[in-house]
Amino acid sequence: MNRVTILIALVLISWQSKAQCDTSRYISPILNVIDVQVGVEYGQAPQWNFPYFNETLLMDIYQPLLDPIEKRPCMIWAHSGGFTIGDKQADDMVALCDSFARRGFVTATMGYRKGFNPLDAASSERAVYRGFQDGRAAYRFLVENHEVYGIDTTKIFVGGSSAGALIALHLAFMEEEERPDSSFDQFLAPDLGCIDCSGNNFQHEVKPLGIIGLWGAIGDTTWVNNDVNTLMVHGTEDPIVPFESGPPFQLFTLPDVYGSSLIHERIQNQGFSSELIIAEGEGHEPHGTLNGYWIAPPNDFWEEMFGSIEQFCFELVRPQALVISGPEVICEGEDHTFSVALGEGESVCWEIEGGEYQETSEEEIAVEITGESASITAFIYNEVGAASESSSITVQVSPSPDVAWDITLEQNVLEYSVLTLFDTSWYLNGILISEENIGAMLLKAQGEYEVSLVVVNEFGCATTYSEEFTYVIDTLNEEVNSLTEIRLSSGVLSVKSEVMTNVKLYDVMGRLLYENEATEHVVSENSGVYILSLSNSEESSAIKI
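23 is the number of the first residue of the sequence shown in the numbering used here; add one for each residue after it.
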């Protein structure tokens, strides 16, 4: 095994230094140093023909160095070549492995067994089956050594070009009971063994997170009956691997295979996830290679295809965005806490526009809003360091209510009023006396008083006003005052007295409006200024209300 370290100095883009939350991992190059382990043995398996000596199965593994993430998603790529030629170091395989390693993936380009008789249908099926077995062996090897290479085994992708795509698609969908008859004992050809009986003895489930099939096919679409996220790319005029169905290379001696169009249709009919990129009018390897090697600089379709693979894998490794919990309106001058409900292995990064951090915890952030509004954004990161889409909340700042209010004291009558549509509460020495905008009450004892008004707007933002005054009794004697209760609120006058037996109510012109001799009196009149007369057989008193 050889090891190569690739170092490329990248110029940092200016905006990256300003960003609070880095969301570029797995979607943009972020790592400069790549370690390449060339010729890693992942297994041994019999060659295709007599005397069936074992071949050593090798892969090249690309890892980002100086990477703080301990577990990364992984890609396994299989090269083109029609199961007869080709190499794991084909240009497009190296480009894919290197590029995605720089985005944070662990990547591998695998060699596999090649060779078959193109005039023998069974021989060609056995070639595909051997490649399929090798793909599974490569997968099991990386799962077995996931700690060595820093791989998250729940996030492994398998992709391939042409013959490599057949390996990837069969790996995704073909199961043990679907082995072709040709894979068993044949005349002068041994049984190839079960799907996991070749290459190595590692026992691991082969369950890729996603499959990338570049101009590939499958032996039977009825095998497509399990849910695997699939991205396929294919030219409609491909003469090597049919877009729909037919024999590879258009050789009648080879069995029919079913291309990306029919696989995509089958997956969708099963209700599973599939994406198909159609290269209209294009042939085989429309990205510009011949058997994986560039015959000209990469073309525009390569860029389009690469971007689609990049987005496909990124969406599968990133976590879901989470809803931010917190108020959409806060009161001026108040700090508030915003939070997200993180799952296991998740963390959050916050961005604030129009406010300042006060404190943070694992799931929460306290924010001081510095303007009339603020935008609070959260990015969720999972255990492989992938960022979710942003979730945001816009927070408006409600100013405290500002109202005109007034209190007056004449004799022992306290009158209070406020002009507002907001909710109001009046307090006298801390005791609630009214929730009306206008009212009055009779003070029973002289002393120090404080009137407080609390005004609350529709967002729950409150302003408190207060005023202190001193009251000295000068109308009713103390005994009468202490035994008499007078309240006036919203035009309703209530009088209850233990010593005064007669109540008279006059308007400001002196006209008698009401008279009653009961010891409890309730009078309802229009708002205005009135004179209330209280009397008994020995004394009387008049009060302006």
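Worth double-checking, as some hints may not be accurate.
To be verified - Calculated lysine to any residue pairs in the SDA-like style (CA-CA distance at most 20 Å, straight line): (1) 518 - 538; (2) 526 - 449; (3) 93 - 120; (4) 93 - 175; (5) 93 - 365.
Read the hints as simulated data drawn from the structure, not as lab findings.
So, going through the hints one by one against the coordinates:
Restraint check: the Cα-Cα separation between residue 518 and residue 538 comes to about 12 Å, which is no more than 20 Å; the hinted pair holds. Distance hint between residue 526 and residue 449 is unfulfilled; the C-alpha atoms sit about 29 Å from each other, more than 20 Å. Simply put, residue 93 and residue 120 have alpha-carbon atoms about 18 Å apart, close enough for the 20 Å limit, and the pair holds. Taking the CA atoms of residue 93 and residue 175, the gap is about 9 Å. The hint holds against a cut of 20 Å.
Of the pairs offered as hints, the one joining residue 93 and residue 365 holds, with about 17 Å between alpha carbons and a cut-off of 20 Å not exceeded.
Of the numbered hints given earlier, the model fails hint 2 alone.
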